[in-house]
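The chain contents come next:
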Amino acid sequence: MTTQIGEPATEAAPNKSKKVPKDPKPPRYKNTWRKAWKRDWQLYTLVIVPLLFFLVFRYLPMLGNVIAFRRFVPGGSIYGESWVGLRYVKLFISDPNFWEVFGNTLVLGALTLLFCFPLPIILALLLNEVRSRYFKRFVQTVSYLPHFLSIVIVAGMVMQLTSLDGTVNQIIKAFDGNAISFIQEPSWFRTIYVSSEVWQTVGWGTILYLAALTTIDSQLYEAARIDGANRWQQTWHVTLPGIRPTMITLLILNVGTFMAVGFEKVLLLYNPLTYPTADVVSTYLYRVGLVSNNFSYAAAIGLFESIIGLTLVLSANAISRRTVGTSLW
Amino acid sequence: MVTTDPTQLMERLDKPAAPRRTSLDDSRGYRIFRVVNVVVLLGVVAVTLYPFVNIVAQSFSSELYIRTGQVNLFPRGFNLDTYKLVAADPVFWNSYLNTVIYTVTATAISIVLTTIYAYVLSKHRLKGRNLLIGIAVFTMFFNGGLIPNYVLVSGLGMTNTIWAVVLPNAISVFNLLVMKAFFESLPAELEEAAAIDGLNTYGILLKIVLPLSKAVLATMILFYAVANWNSWFQAFIYFDRSELFPVTVYLRNMIAGASSATAVGAVESNALAISANIKAVTMVLTVLPIVVVYPFIQRYFVSGVMLGAVKQ
Chain A
30 MTTQIGEPAT
40 EAAPNKSKKV
50 PKDPKPPRYK
60 NTWRKAWKRD
70 WQLYTLVIVP
80 LLFFLVFRYL
90 PMLGNVIAFR
100 RFVPGGSIYG
110 ESWVGLRYVK
120 LFISDPNFWE
130 VFGNTLVLGA
140 LTLLFCFPLP
150 IILALLLNEV
160 RSRYFKRFVQ
170 TVSYLPHFLS
180 IVIVAGMVMQ
190 LTSLDGTVNQ
200 IIKAFDGNAI
210 SFIQEPSWFR
220 TIYVSSEVWQ
230 TVGWGTILYL
240 AALTTIDSQL
250 YEAARIDGAN
260 RWQQTWHVTL
270 PGIRPTMITL
280 LILNVGTFMA
290 VGFEKVLLLY
300 NPLTYPTADV
310 VSTYLYRVGL
320 VSNNFSYAAA
330 IGLFESIIGL
340 TLVLSANAIS
350 RRTVGTSLW
Chain B
247 MVTTDPTQLM
257 ERLDKPAAPR
267 RTSLDDSRGY
277 RIFRVVNVVV
287 LLGVVAVTLY
297 PFVNIVAQSF
307 SSELYIRTGQ
317 VNLFPRGFNL
327 DTYKLVAADP
337 VFWNSYLNTV
347 IYTVTATAIS
357 IVLTTIYAYV
367 LSKHRLKGRN
377 LLIGIAVFTM
387 FFNGGLIPNY
397 VLVSGLGMTN
407 TIWAVVLPNA
417 ISVFNLLVMK
427 AFFESLPAEL
437 EEAAAIDGLN
447 TYGILLKIVL
457 PLSKAVLATM
467 ILFYAVANWN
477 SWFQAFIYFD
487 RSELFPVTVY
497 LRNMIAGASS
507 ATAVGAVESN
517 ALAISANIKA
527 VTMVLTVLPI
537 VVVYPFIQRY
547 FVSGVMLGAV
557 KQ
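Sequence lines, in order, name chains A and B.
So the working numbering is basically just the index in the first sequence, starting at one, shifted up by 29.
So the working numbering is basically just the index in the second sequence, starting at one, shifted up by 246.
By construction, these hints were calculated from the structure, which means they are not laboratory data.
Backbone N, C-alpha and C fix where the C-beta goes; we use that ideal spot for every residue, glycine too.
A few of these clues could be false.
Listed below are the simulated BS3-like cross-link pairs for lysine-lysine, each with C-alpha atoms no more than 27 Å apart in a straight line [stated by the list, open to error]: (1) A/K67 x B/K453; (2) B/K453 x B/K373; (3) B/K460 x A/K67; (4) B/K373 x A/K64.
Chain A side only, calculated, beta carbon under 10 Å to chain B, not exhaustive [as the list claims (entries may be wrong)]: (5) W70; (6) G93; (7) L156.
I would like the entire structure built from these sequences, with the hints used as guidance.
This is the structure:
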């Protein structure tokens, strides 16, 4: 099995055209677009509205990033009033707050990757060793459930559990500890964030691995056993290499979202007391832009963030193509 | 060949990966491992379910027991008063209704746009197809960012209208690729036959392709509906009239105060006074539709994810 999430670069040979009889002349028209339009104009008309969606709601905002280099007046043109060059870029580069939230983003992103990438693999391997089909399905069903919750609900649950009278503090008190106001402690934010992220994503993350596991040829296990491999060695030498393409694809995707650490969750869980560890680039630019109305400044930060994100995906993809021969496209 | 039948995909997940069991080679260590494994997985189940159980227990408990930290697995001071209180609140029901309206509208728009774009993309012969795919896929890895999006949506005058929550995320590229993969797997002969019978492209899509695509359409509707039901941020930034809020924003404003000792703004300081059992009831009622339909829809989600990612 190859896991394919993006678009493969090379498509299969085009399907045979269904209206072949219409073009008896084999030599190509000079204007092949006209020919394509003649044949497929109905398809092209279908595509207009969705294409407009992409142009308006995806590509116009990309162009809208020019306000990072222009003076923007709320209510004025969405592309700003006059050029100011790199003023806003220089502003955030010399902004100590920016570098603090940048550091927080890296730490939070790295911790998320460290836990949320390998744990689904481990869970999938454990599920794979379960012999009762019903027990396996039961664990799967339960562990997928958090994936379907609104982030608002997750934040609400986290706050109830970690509140002074919540379950976590009751456990601490049972061991004669003092209650901790977790949600207001900067030193606890990362733990809370990462564990709730694991809680919500680990089960769902197993799906692709479980699918990949079913495609491993059972003869490989047979051969390994004949060679005297025990269960653990079979897992290490047969199972893990078997799901490696899936692992790499998901790793690339995870790396790509590294900078975009759960913006909405941080926004719901943080507060001024926990800013020192919780504030990330996206929440900082949200406050700068939408709360304090410094649109241009925030757009400059956002553009920087998007470019880093794109660079990360492209480099992770290139590295994996060079080293292990698996890539998204 | 991409397998598109949800039942088949589920079977693939259910079946043991490879029949590599022979009780003879089960070493003692492996038998111990299997016991430990079951215990660990039961632990995963318990940890996953606990927050739900805790919220439900709180929703039936009286405030006093929650405040003194006595509610964990089971309700204390069992009562239905909080449910009655929340149910009698017109603001809550108004937000709930808003959520239903936004979810239905957004899902309808999304499904139409996604279907027609995916159908066009599934036509390999189409000139410019790769460009159309590229336009969509590129947005998965690079987007305009929060501020330009906000500026655009406000610039279009959508603030405080339903369009601000239903249009900006109308097409999910992931869902688009899932549908495209499905359409590509349909036998081309059917459409060719229909074309010979004189149906045009629109007719083929409506009368031949869509009736064959009920399973994938159901999956897509569920994907979009759950995402819309759960979304809050669009409404949070584009609506400032509280009668427009969906239930997620209503709930967010309720819990926001709890996180912040130095809460700012009227909504936040009110939230400090909102008792834990009311929050719990609101959370239970918000999540209820999802949890109730979850057991029935789960397999569609799983097959949808695999459809998008598995190519054999």
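What are the numbers of the hints the structure violates, in ascending order? The structure conflicts with hint 3 only, although it agrees with all the remaining ones.
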